[in-house]
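Enquirer: Sequence:
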Amino acid sequence: MTVAMILLPLFVEVALTFFLLFALGSQRGRVLSANGVGPEAALDRNAWPDRPRQFANAFSNQFELPVLFYVLTALALVTRKADLVFVVLAWVFVLSRIVHAGIHITTNTVRLRFPAYAVGVFALLIMWVLFALAILLNL
Numbered sequence: 001m002t003v004a005m006i007l008l009p010l011f012v013e014v015a016l017t018f019f020l021l022f023a024l025g026s027q028r029g030r031v032l033s034a035n036g037v038g039p040e041a042a043l044d045r046n047a048w049p050d051r052p053r054q055f056a057n058a059f060s061n062q063f064e065l066p067v068l069f070y071v072l073t074a075l076a077l078v079t080r081k082a083d084l085v086f087v088v089l090a091w092v093f094v095l096s097r098i099v100h101a102g103i104h105i106t107t108n109t110v111r112l113r114f115p116a117y118a119v120g121v122f123a124l125l126i127m128w129v130l131f132a133l134a135i136l137l138n139l
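Those letters in the sequence shown? Residues 1 to 139, per full-length UniProt numbering, in order.
Among the clues, some could well be false.
[What the hints assert, rightly or not] Derived CB-CB ranges, DEER-like:
#1 Leu84 with Phe11: 17 to 25 Å
#2 Val88 with Arg45: 30 to 38 Å
#3 Asn35 with Val71: 41 to 49 Å
Treat the hints as calculated values from the structure; they're not laboratory data. For every residue, glycine included, the Cβ atom is placed at its ideal position computed from N, Cα and C.
Work the whole structure out from these sequences, hints included.
Expert: Dropping the structure here:
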């Protein structure tokens with residue numbers, strides 16, 4: 001696997017994070033322009049209306065599971081343990097994060113959002129197990 005093939009899913013995940021950050025800024029900017037939030041919003045995320053909170057939650061989620069993905073990708077790259085299975089699972093993880101974020105900022109239906117989250121969790125778990133086995137068993 002080339003370095004580009006290994007890192008492309010990571011770059012897409014980073015792009016998703018920045019997209020959500022800028023979208024969050026836009027959502028909050030609209031509310032601020034309309035005087036739709038008071039000074040308590042500086043200290044209380046719940047003071048914001050629902051729509052900006054959806055974006056804030058989606059953005060915050062990018063600093064939970066994806067952190068394990070970033071670490072694993074760096075480790076797999078350095079140890080040369082990233083193979084085709086790793087890259088395919090990385091894409092499954094990233095695509096699940098995109099779907100999860102998309103649901104988060106649109107319908108925000110937990111019944112739909114959870115399966116996308118679960119797919120990402122299992123893809124990442126499998127990636128970590130395969131990586132650990134490759135390191136520990138010198139595969």
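Enquirer: Could you run down the list of hints and mark each one as holding or not?
Expert: Results for each hint:
1. Checked against the hint of 17 to 25 Å, the pair leucine 84 and phenylalanine 11 passes, with Cβ atoms roughly 18 Å apart.
2. A hinted range of 30 to 38 Å for the beta carbons of valine 88 and arginine 45 is consistent with their spacing of about 36 Å.
3. In this structure the hint that asparagine 35 and valine 71 lie 41 to 49 Å apart at CB holds, the actual value being about 42 Å.
Of the numbered hints listed earlier, not one is contradicted by the structure.
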